[in-house]
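Peer 1: Residue-level listing of the chains:
There are 2 protein chains.
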Amino acid sequence: MSVTLFERHRDVLDRAVTAIRDRGYWSAFSEIPSGKIYGETAAADGLASFQALLGKPFPLADQPATIDWGSSETNPYGTTLGITYPLSDISALISASRLAANGWRKTTVEERTGVCLEILHRLNARSFELAHAVMQTTGQGFVMAFQAGAPHAQDRGLEAVAYAYEEMMRVPQHAAWEKPQGKADPLKLDKTFRLVPRGIGLVIGCSTFPTWNSYGGLFASLATGNAVIVKPHPASVLPLAITVQVARDVLREAGYDPNTVLLAADTADQPITKELAMRPEIGIIDYTGSSAFGDWLEANARHAVVHTEKAGVNWIVIDSTDDLKGMARNIAFSLSLYSGQMCTTPQNIFIPADGITADGTHVAFDQVVGAVKTATDKLLGDPERAVEVLGAIKSEDTVARLESAQASGAVARPSAALGHPKFPDARVHTPLILKTDATDEAAYLTERFGPISLMIATNGTADSLTRAAGSARDHGAITASVYSTDPVVLEAAEAAAMDGGVALSCNLTGGVFVNQSAAYSDFHVSGANPAGNASLTDGAFVTGRFRVVQVRRPAAA
Amino acid sequence: MSVTLFERHRDVLDRAVTAIRDRGYWSAFSEIPSGKIYGETAAADGLASFQALLGKPFPLADQPATIDWGSSETNPYGTTLGITYPLSDISALISASRLAANGWRKTTVEERTGVCLEILHRLNARSFELAHAVMQTTGQGFVMAFQAGAPHAQDRGLEAVAYAYEEMMRVPQHAAWEKPQGKADPLKLDKTFRLVPRGIGLVIGCSTFPTWNSYGGLFASLATGNAVIVKPHPASVLPLAITVQVARDVLREAGYDPNTVLLAADTADQPITKELAMRPEIGIIDYTGSSAFGDWLEANARHAVVHTEKAGVNWIVIDSTDDLKGMARNIAFSLSLYSGQMCTTPQNIFIPADGITADGTHVAFDQVVGAVKTATDKLLGDPERAVEVLGAIKSEDTVARLESAQASGAVARPSAALGHPKFPDARVHTPLILKTDATDEAAYLTERFGPISLMIATNGTADSLTRAAGSARDHGAITASVYSTDPVVLEAAEAAAMDGGVALSCNLTGGVFVNQSAAYSDFHVSGANPAGNASLTDGAFVTGRFRVVQVRRPAAA
Chain A
65 MSVTLFERHR DVLDRAVTAI RDRGYWSAFS EIPSGKIYGE TAAADGLASF
115 QALLGKPFPL ADQPATIDWG SSETNPYGTT LGITYPLSDI SALISASRLA
165 ANGWRKTTVE ERTGVCLEIL HRLNARSFEL AHAVMQTTGQ GFVMAFQAGA
215 PHAQDRGLEA VAYAYEEMMR VPQHAAWEKP QGKADPLKLD KTFRLVPRGI
265 GLVIGCSTFP TWNSYGGLFA SLATGNAVIV KPHPASVLPL AITVQVARDV
315 LREAGYDPNT VLLAADTADQ PITKELAMRP EIGIIDYTGS SAFGDWLEAN
365 ARHAVVHTEK AGVNWIVIDS TDDLKGMARN IAFSLSLYSG QMCTTPQNIF
415 IPADGITADG THVAFDQVVG AVKTATDKLL GDPERAVEVL GAIKSEDTVA
465 RLESAQASGA VARPSAALGH PKFPDARVHT PLILKTDATD EAAYLTERFG
515 PISLMIATNG TADSLTRAAG SARDHGAITA SVYSTDPVVL EAAEAAAMDG
565 GVALSCNLTG GVFVNQSAAY SDFHVSGANP AGNASLTDGA FVTGRFRVVQ
615 VRRPAAA
Chain B
65 MSVTLFERHR DVLDRAVTAI RDRGYWSAFS EIPSGKIYGE TAAADGLASF
115 QALLGKPFPL ADQPATIDWG SSETNPYGTT LGITYPLSDI SALISASRLA
165 ANGWRKTTVE ERTGVCLEIL HRLNARSFEL AHAVMQTTGQ GFVMAFQAGA
215 PHAQDRGLEA VAYAYEEMMR VPQHAAWEKP QGKADPLKLD KTFRLVPRGI
265 GLVIGCSTFP TWNSYGGLFA SLATGNAVIV KPHPASVLPL AITVQVARDV
315 LREAGYDPNT VLLAADTADQ PITKELAMRP EIGIIDYTGS SAFGDWLEAN
365 ARHAVVHTEK AGVNWIVIDS TDDLKGMARN IAFSLSLYSG QMCTTPQNIF
415 IPADGITADG THVAFDQVVG AVKTATDKLL GDPERAVEVL GAIKSEDTVA
465 RLESAQASGA VARPSAALGH PKFPDARVHT PLILKTDATD EAAYLTERFG
515 PISLMIATNG TADSLTRAAG SARDHGAITA SVYSTDPVVL EAAEAAAMDG
565 GVALSCNLTG GVFVNQSAAY SDFHVSGANP AGNASLTDGA FVTGRFRVVQ
615 VRRPAAA
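Chains as they are written, first to last, in this note's numbering: chain A, 65 to 621; chain B, 65 to 621.
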């Protein structure tokens, strides 16, 4: 059955394997929310499917170990979802997972890969429904929710499957070992190599990118033979509930135990993540979220391979530019997109206090700040367009942080609440830009999640780069960006990025933004600084998820 | 310079890369200590080189940070080596390593690989010298010291280089990323991917296999761009001192900082391993040794990727055989080889209390035990041959353990001290075989390092397999072995081995022994049970040693 699935999707797998070797542009799943691609009724059908879920228990009644139904899911657009999810007896859930794992571990690489590819294929067909689910839980604008929440997330999942497949295929199933013994008969052994899964894979989702950040770990663990328990963030459950539902459907139809993938929902009042993570049956943890909890997992879940994506202080160093307007526009968009709630959003913008050279003339520090402010004002000038870019703010904590930051510092651009034309109770706030001096490290060396950025006056670009590299090394960073017309400075920026272990983008003034990370091409998070220990996706992300156990027998003479 | 080295050794690298994919028999370095292969004067030259080292400071005067010279090296053959080694100021040693690392991280994959291959080539040329060094520190017999200490260790090093090379080559250096934008111009980025080392690699050697167990980690870290500090066991320094000397010579001659590889010797009185391991500059640790210290490293060295090979309770399950004598001979050799001081030596031999079927007839439990005893007596009947098989016992603790075990239990075969014809003060003891009941778990569920094995009476083969699998899962095991003529039992034994995450050998009655692990073919340690978290060598052994940091720039239009 599932070898058929493998054959059905073999072309897309082969293409993905090529893509991760080339790392040029490729995508298996179209990011264009168009009826021409997804079917003329796809948009309406997806919306209807989403709406049909509202106000009811989510259709996962077939999951075992359910002791109650509940939810503390929130919608930053201010409407009520009213969906409840199964709440589980943890021990019973783990027992069901282990039982399923006993079957799943015996499948072949092709069987498992085929199932993963079919799950991704079906998720893609539900992209509009997923887009609404992501939008109405995370607060992303619709287009972003569609792209990042559906096809781009699916691409990250496929990328993980391709890495897992390639790494597993490096281990032959059999070997004939024949050692010469001079004139005597050779020693001969038949060897069999079995891939043994590591244990149950626990995937801990985040509230802002529930699918994009979870699919890598989910599919890498599943493809390598591990059963998976998906623990969504209690405030953003729906996108992962749909994902688990699709996975279980595919597993069941292909003849496997659907409990190979299970949802472990919880509520904000009764969190279960620590208890789950500390269960010895958990062999792998994939986590996206706060540094505090990620550090706790790394320190305490010693029985498991722990992959984390935590937080950092992303930076831009501005040295010089020959396109001040393009630079300002590009930065303004990066700061505004989804209200700075991306782990890739820049926070600290280092600028020489003496100003820079832009378009051939000297431009003062305050003028550079002013250019970004003006570009932001312009980008957000039309409220209808503004809410599409900004989305809504997921957490009340973020709004509180924004308000207290606004009260505390030198404000270059104040944040303002914005009304949403369609959702009157939506939490929409424009970006806050602060000014500070490089010596005030307390102001900028911790993450200020949300639409808060700092324009930091330094003693010059060398000072900027030293501080930027040090901040990445010591406090973590997922993205870095530099603007300079001077090749020597660009080289120094590269050295600073290597030193800080952070991905660098240079002179982005057009339609590419530092926030964006493309599957198959960009390594998301380096694992080389405190912002996380794992990268989407490299070999290290998959190799620890299985082990090789061998059997040797004397070969027939 | 070192691209030349890469080209010079490219054939052997290509062959090694093929070997790790096929996992059939192959070796780059001949295990035959013959003049025809190593040169007619190699044996005499090697002995002379070894003897020239005795009674002097080891020639590593060029190492920085030396504050004293000393040694607590011991020779189980009872003669005095009298070699002293540089003792270092740890902070100064790490500073020198970091400085060297700054240069080493900038080398290309080909440069680093070429240097590694040249080091291995030169180590091979010094195989006779290394054999004497290994023999006179570990207590191994000469042939074993030559094979395991020189060519087989070099093969393990080359295997690690091949894995590292292949994994690094999976990441392209550059990519042209071009994303279509409908009718508009495509978005274009030039991307560069840089491999960034993880930090200083610390290699912690053991006293019994200082080279074989260290070369994997040493060469994997070095090939992936990390500087390496080698911390030998204080009782067995010489083989790794020679190794470091060779590495430094090659680095210097190829134009690199020789401090890219440093020796950090210590003495039993003033151990430095904990202090070294806890330094934040250490990014990778490769450790072989006791479970207690390995567990400590895994729990405490959280800043580093920690690879461990610790201890376990290896098992044999005897169900039935059609070659009782062959089986007994094979087991007797496995128990006797290097006096059971191999991490692969069997300890627990599970046999049905009711006896087994052998050669078509019923054979009682005591007769099975008797057959192994008789085969052991016969193997060791000639003292000159016996000492070659047994070697000498490295640690006085092992002798004490042996004596106390002899006094405590039901002895099936007593251990006896044996005189060595060439080394009158050598510590030679024959194997002790105990009998016990399966319910006496305290007797056999901890490792009894050295020539101590237990014949364990069970309720039948099903009981044997359950206990064996459980012991591996809970207490670790590196090897497992089964004897049965019944395909159903063999299948159950495979399931038990998978369950316990331990490599299984079936029906070994000839010239292959469960203790042996061949580079390029056998995965040594599975990483799937408490006996260790790393495997020699799989993808997971190398992928965590480097990270990818990328740079993106808009492509020229």
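Derived from the structure by calculation, the hints contain no laboratory data. Among the hints, erroneous ones may be present.
[Claimed, not checked] With the Cβ distance kept under 8 Å, some of the chain A side facing chain B (calculated, not the full set):
#: 1; residue: 120
#: 2; residue: 121
#: 3; residue: 577
#: 4; residue: 585
#: 5; residue: 616
#: 6; residue: 617
[What the hints assert, rightly or not] Straight-line Cα separation of at most 27 Å, DSS-like style, residue types lysine-lysine; simulated pairs:
#: 7; chain 1: A; residue 1: 442; chain 2: B; residue 2: 247
#: 8; chain 1: B; residue 1: 486; chain 2: A; residue 2: 247
#: 9; chain 1: B; residue 1: 252; chain 2: A; residue 2: 100
#: 10; chain 1: A; residue 1: 120; chain 2: A; residue 2: 486
#: 11; chain 1: B; residue 1: 499; chain 2: A; residue 2: 389
#: 12; chain 1: B; residue 1: 389; chain 2: B; residue 2: 442
#: 13; chain 1: B; residue 1: 499; chain 2: A; residue 2: 100
#: 14; chain 1: A; residue 1: 499; chain 2: A; residue 2: 442
#: 15; chain 1: B; residue 1: 338; chain 2: B; residue 2: 437
#: 16; chain 1: B; residue 1: 389; chain 2: B; residue 2: 486
#: 17; chain 1: B; residue 1: 442; chain 2: B; residue 2: 486
#: 18; chain 1: A; residue 1: 389; chain 2: B; residue 2: 437
#: 19; chain 1: A; residue 1: 252; chain 2: B; residue 2: 252
#: 20; chain 1: B; residue 1: 389; chain 2: A; residue 2: 100
#: 21; chain 1: B; residue 1: 389; chain 2: A; residue 2: 243
#: 22; chain 1: A; residue 1: 389; chain 2: B; residue 2: 389
#: 23; chain 1: A; residue 1: 442; chain 2: A; residue 2: 389
#: 24; chain 1: B; residue 1: 100; chain 2: A; residue 2: 252
A virtual CB, placed ideally from N, CA and C, is assigned to each residue, including glycine.
Peer 1: If a hint holds in the structure, say so; if it does not, say that too.
Peer 2: So, going through the hints one by one against the coordinates:
| no. | hint | in the structure |
| --- | --- | --- |
| 1 | 120 | 39 Å, violated |
| 2 | 121 | 38 Å, violated |
| 3 | 577 | 10 Å, violated |
| 4 | 585 | 5 Å, holds |
| 5 | 616 | 5 Å, holds |
| 6 | 617 | 4 Å, holds |
| 7 | A:442 x B:247 | 26 Å, holds |
| 8 | B:486 x A:247 | 31 Å, violated |
| 9 | B:252 x A:100 | 26 Å, holds |
| 10 | A:120 x A:486 | 23 Å, holds |
| 11 | B:499 x A:389 | 85 Å, violated |
| 12 | B:389 x B:442 | 12 Å, holds |
| 13 | B:499 x A:100 | 77 Å, violated |
| 14 | A:499 x A:442 | 20 Å, holds |
| 15 | B:338 x B:437 | 42 Å, violated |
| 16 | B:389 x B:486 | 32 Å, violated |
| 17 | B:442 x B:486 | 22 Å, holds |
| 18 | A:389 x B:437 | 88 Å, violated |
| 19 | A:252 x B:252 | 55 Å, violated |
| 20 | B:389 x A:100 | 75 Å, violated |
| 21 | B:389 x A:243 | 23 Å, holds |
| 22 | A:389 x B:389 | 87 Å, violated |
| 23 | A:442 x A:389 | 12 Å, holds |
| 24 | B:100 x A:252 | 26 Å, holds |
When the structure is compared with the earlier hints, violations turn up for hints 1, 2, 3, 8, 11, 13, 15, 16, 18, 19, 20 and 22 and for no others.
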